[in-house]
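Spelled out, the chains give:
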Amino acid sequence: MGTGVLSFHASTKSLTGNLGSESASSQSGYVGVTPVEGTKHSEEPLSTLLDDVRSVYGQPSHRLTKLIDLALQASESCQEAIGFIEQSQIMNSDIEMQRAQSFVYEMLPYRNLEEGTALVVASLAMAFINMAGTPFDKKQILCVDRILKGVYSSPFMSVDKAVDFTIDMEDCGFVMDSSGLNIIFEDALESGFASGE
Amino acid sequence: MNRGLPAVSKAFLDTTVLTDILLKSGELGLWSREAIKEYDEILLPVYAMKEFSSGPLSYWIWLYNKFALTKSLSKTILAISSMVPMKPRTAQTALEALSLCNNSIPISGMTEEENAEFYRQVLLGKIMRAWKKRRNVVPGTNVVDDLPCFTEGDPLLKQEDKTLNNAACKCHLRRGKDCCAAAIIKKHPDDIAALIKAIEGKSRREDVSRRAVLHKMLNTPKLSLNARECRNIGDAYFAIQAPRDSVILTTNGKDHKELADALGKQVLCPQDTP
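So the sequences go chain by chain: A and B. Under the working numbering, the first residue of the first sequence is numbered 1, with each subsequent residue one higher. Under the working numbering, the first residue of the second sequence is numbered 1, with each subsequent residue one higher.
Note that these hints are calculated values from the structure, not bench results. Since no wrong hints were added, every one of them can be taken at face value.
In the EDC-like style, the derived pairs of lysine to aspartate or glutamate whose C-alpha atoms are separated by at most 20 angstroms in a straight line are: (1) K202(B) x D261(B); (2) K162(B) x E114(B); (3) K132(B) x D168(A); (4) K24(B) x E170(A); (5) K71(B) x D177(A); (6) K254(B) x E190(A); (7) K132(B) x D177(A); (8) K132(B) x D160(A).
Covered stretches of chain A (in silico footprint by chain B; criterion: 3 or more residues with CB under 8 angstroms from a CB of chain B, positions within the stretch not fixed): (9) 122-136; (10) 173-185.
Label pairs and their computed distance ranges (CB to CB): (11) P274(B) x H62(A): 55 to 65 angstroms; (12) E160(B) x G173(A): 32 to 42 angstroms; (13) K139(A) x P274(B): 23 to 33 angstroms.
Backbone N, C-alpha and C fix where the C-beta goes; we use that ideal spot for every residue, glycine too.
Sequences and hints are given; from them, build the entire structure.
As structure tokens, this is what we get:
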């Protein structure tokens, strides 16, 4: 039996459709990120979390298990990064955040459990893209960790909850816009796209 | 930030600044995000939120829905380009931006549909975040001039096709009842007259429609305004409603200054910044 740390927001109805089914994306030609050697990964928290899933919803799907596992590993990297940054070991902290980044990208094909979950994982990935290699500060690492904990403890997240998480990210200085898309669309708006000029 | 203007501690936000803060990131909208930090009190009229909802937010919802319905990044880009007469520079920019979009996808091997789904979800976050933050653009934002006939309904996500609908956010004028914004403006007939004089003889489409609605409010104040006429008040609303001890913050300085000058009020725009 688990610890009861999970807090699912989705209705049973929506879970019926999600659990046990695999998305097209997870079966596509996705090229996963090779696990980084030396990544610390405790089996205990994952099995505990999955026990919680089983106790509430029965046998979890492969997608749910993968998402929780990857979020957990990414969170562990964040915690390592926080430890390093507190000792002013910026390089080691950044190495841990690179690991977290690769886990977040690996989460993408498994994110479509619920609209909010998908939104927050996609936004997290976009925030990493926009960081463009700049090392994270402590506030930002803590923020990413909060979100990852949110994902593995509430993998069926509502849009409202996910939006709150992205507001937290924005407040920590993350940018979750697509610069390419913004260029196209802002240019179109300036060209009179909406006014018909 | 000393711009050679009398020191004021209150900023009255117009729709362009609200849009910059809520929908733009990075260099885009930077001026607005920096400018509001200069003031002790930020006044946000509900009219700006109304314009934001029916204008910029609805355009981004249009873009979001293109992703939801076409399930394709390239088709969405084509849809954007078909809406504007593409200048060569714009076409070039579009191609570069498309390439930027494709390169920014963090994993390889995603299908066209999965690619579009990624952007759709990022846009869903952007739109919902902007709407949720509208009343608190900076901590302590003071929302003023409530408009009871304007309902601030949240954008609704349709589960079946993932489209967004912001129809719940609109004017609900009761038959025979006057537009709430008009009722506020009509209390200032001298200001209305001064604004009419300021845009006398101007032939731009927005000036013509603004003049018509100002004339109607001044000459036949008992006649009600409809939702379209309410929209036509536009910048005149900000000129009349900005408190005398505030500055109107806008990125559209040209239009606002013309009107605010007529009433002896201050405007600050990016062109005023050294």
